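Number of protein chains: 2
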Amino acid sequence: MAKALHTLCASEAQECILRGNFTVEAYTEALLDRVAARDSEVHAWATLDPLHVLEQARRLDRIPKDQRGPLHGFVIGVKDVINTEDFPTKHNSPLHQDDPTLIDATSVAILRANGALIMGKTRTTEYAVVAVTPGTKNPHDPSRSPGGSSSGSAAAVADYQVPIGLGTQTIGSIMRPSSFNGVYGFKPTWNSISSEGQKVTSPTLDTFGFMARDPRDLRKLSDVFGLKDDEAPRKGEMIAGQKFAILRPPMWKNAGPGTVAAMEMAGQILRDAGATVDEIALPSDFENVLKLQTDVLRHEIQVVFHRESTCVRDTMSKELVAATAGIEGTPRRTFLRSFDALAALRGKMDEIASDYAAIIAPSSVDVAPVTDTWTGDPQFNGMWTGLHTPAINVPGFAGEGDMPVGVTLVSGRYRDEHLLQVAASVGPLFSERGGWKSKLA
Amino acid sequence: MAKALHTLCASEAQECILRGNFTVEAYTEALLDRVAARDSEVHAWATLDPLHVLEQARRLDRIPKDQRGPLHGFVIGVKDVINTEDFPTKHNSPLHQDDPTLIDATSVAILRANGALIMGKTRTTEYAVVAVTPGTKNPHDPSRSPGGSSSGSAAAVADYQVPIGLGTQTIGSIMRPSSFNGVYGFKPTWNSISSEGQKVTSPTLDTFGFMARDPRDLRKLSDVFGLKDDEAPRKGEMIAGQKFAILRPPMWKNAGPGTVAAMEMAGQILRDAGATVDEIALPSDFENVLKLQTDVLRHEIQVVFHRESTCVRDTMSKELVAATAGIEGTPRRTFLRSFDALAALRGKMDEIASDYAAIIAPSSVDVAPVTDTWTGDPQFNGMWTGLHTPAINVPGFAGEGDMPVGVTLVSGRYRDEHLLQVAASVGPLFSERGGWKSKLA
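Protein chains in written order, with our numbering: chain A, 41 to 481; chain B, 41 to 481.
No lab work stands behind these hints: they were computed from the structure. In this text the structure is predicted, and so the values were computed from the model without any measurement. Careful: at least some of the hints might be erroneous.
As the list claims (entries may be wrong) - Just the calculated beta-carbon pair ranges, DEER-fashion:
hint, chain 1, residue 1, chain 2, residue 2, range
1, A, Asp138, B, Asp318, 53 to 59 Å
2, B, Asp138, A, Pro90, 23 to 29 Å
3, B, Asp106, A, Lys268, 58 to 64 Å
Idealized CB from N, CA, C, for every residue including glycine.
Excised from the complex, chain A in its bound form:
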């Protein structure tokens, strides 16, 4: 039996469209039907205009075959802190409900110019800062958190409402929801893709990225953004003979049973496939890496939100006021010391990572917690954001309540192509042997 259209990943749908099996319009209709059937339960979307989307789909169908872009037929949900020319960007803030910012973020402009269809805006927490869910439910279990702040993108992708979701990460806003929802999440090397046109939170931490159900989709997106390693990775490399590292980060004692089991199983699956797997610890100068990342964030966020704090404070939730208050009672030289110390660790991490095909680290403390207000704990993600490394959440493992939990693959900066290729090799193995399968297809 042929797969239902909405369950195809973007690359599969594209192949069918190019082969003439169905049109972008028919495919988009299938996605919109899925949204109509499901989103009153999942609440993944902030703005979605079916008529406009279908008009865009027909426009794509009219493009002659030889003029179609590499992302022709890729349908994408855009986190609602990333500007788009055809939908408002509301930041889940009362201050921006009527913003006329109708210009595409650089990332969105690139996607569109390469043939992608923007389906709508996905829900996010207030300014992608606070940890209060935007009403989105985890599609695998609506009593559980969807993660955040890229809540809607992760939930919509997991729920087969759209194959690709855009996200942003400043601590763990791509990795954590990807883990909770059982999808791939890719945070490229910091600033290897421009974040211009997405809400600024912390200029040296904010990272643009995306989520999908298939690593092939991540790769096609990366190509249009020009991600290129210095050395092109060897194609079709096998896992056998490669060396991986299992890294239990600072605060590992907080890991829950789902994450502990996923890390162990990931190592075992790789060993079974013929890889060497080292258990490594970080040198002592990484001990405070989380504090460094937090200091940088708390200072930089205070600068960005100076306008809101001083001019329009009544539009901020109390959680946003607290999150943007700065490093309470500490001098700016504390921030500078942390800023410089974090910078000094980046090259060291590249060097450590260069010994391995990838470092394997936890993506979340455990499976998505049971809560309808909290987006969960990002404590295992922040260090990779601060260190600017690429990171990919690979799903496949099961925890409590048969909920998904992923692991994070990490490499040194600007080894994005390499890491995507590693994810494409280990992903299917983890899916097959990790113990978790989505029941939503």
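Keeping the supplied structure of chain A fixed, place chain B upon it in accordance with the hints.
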């Protein structure tokens, strides 16, 4: 005889307005008259709508006295790469002539919320990147360069068309035009004021700043942006007994006679005022600081302009294509090495600067060159942008053709308040004894 309204600095105009000597409307009319009389020669403005501006002025006049903001009556020109809700932002690029980006940049929103009046958009080079003048002339001598890329802001302030101009700097786009036009230019500590809503060129270098004819105006602007040192500077500190450094940077051999004389005279004036002035050289690890800054810029700009380079290349000038081409033929690890090495120098510079009231460095190679196409050479500015230190161009010196040339005061990061106070002390001395006076008042 009372000064003509348009020649007042913003703080003076504000005092008069608050005293009831004249209204914001009358003051704004005087500025608009000056524009009408002069801008067909200077070409400082990209967009200016007198009727809209006067409407804003009347709105400010209607605000009850006890509800007026700290910048009530400050009239400001905004570089045309910084978004404003009431004027388009055209970036001097054919791609953005009709952009509906009508939302204020964070900086502009803060200024407006504090009572400032946005007069219009000032001319800039294409995306504030290329070194081709935007038609703006140096008001002191129209055969000479106005500098760039904040060309219009510097020229409009120097020409008494507006008391304050906003600028952005990634190499030397505030310091160089300030020096060429004989105005104060302030580049605060990197990211101490949010650059959100201004064109991104290089995320770790782009710095928001402003120009004025009086250091008091710089201080009032800094206050609303929340610039605060860890230790509040002692008020009314005298120059006598303080220690300054004269720093002749890498490539000093390229300095022209105007700059050589200005640096010498600055040292002499400070000695005469009772300060100690050390001639210092930087440690050898600073030797390549310019190359490091350039590597970071050339890589980061390539990322930001990936959209233009790959999707809308026909909208780019050949100069922009060249400037955004990346680090030709060199691997990304070259960039990473430079990125990390530049980061490692920042703390070292803070330490060197901490011994002095300020470091005195050149602001430009010489006076504004005779040219109607080139914005001049920023080679003495880039290191301070890369090192994230605050820097202030202080005018007062004369070079060839009786043209202005300034010197740059520098301190360690987050000593902005301190540096503004030093500038307020040395500025009047340099004006009085440096040999240059504007003939435009």
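Outcome of the hint check:
1. A:Asp138 x B:Asp318: 53 to 59 Å: Since the Cβ atoms of Asp138 (chain A) and Asp318 (chain B) sit about 57 Å apart, the hinted range of 53 to 59 Å holds.
2. B:Asp138 x A:Pro90: 23 to 29 Å: holds, 28 Å
3. B:Asp106 x A:Lys268: 58 to 64 Å: Since Asp106 (chain B) and Lys268 (chain A) have Cβ atoms about 59 Å apart, the given range 58 to 64 Å holds.
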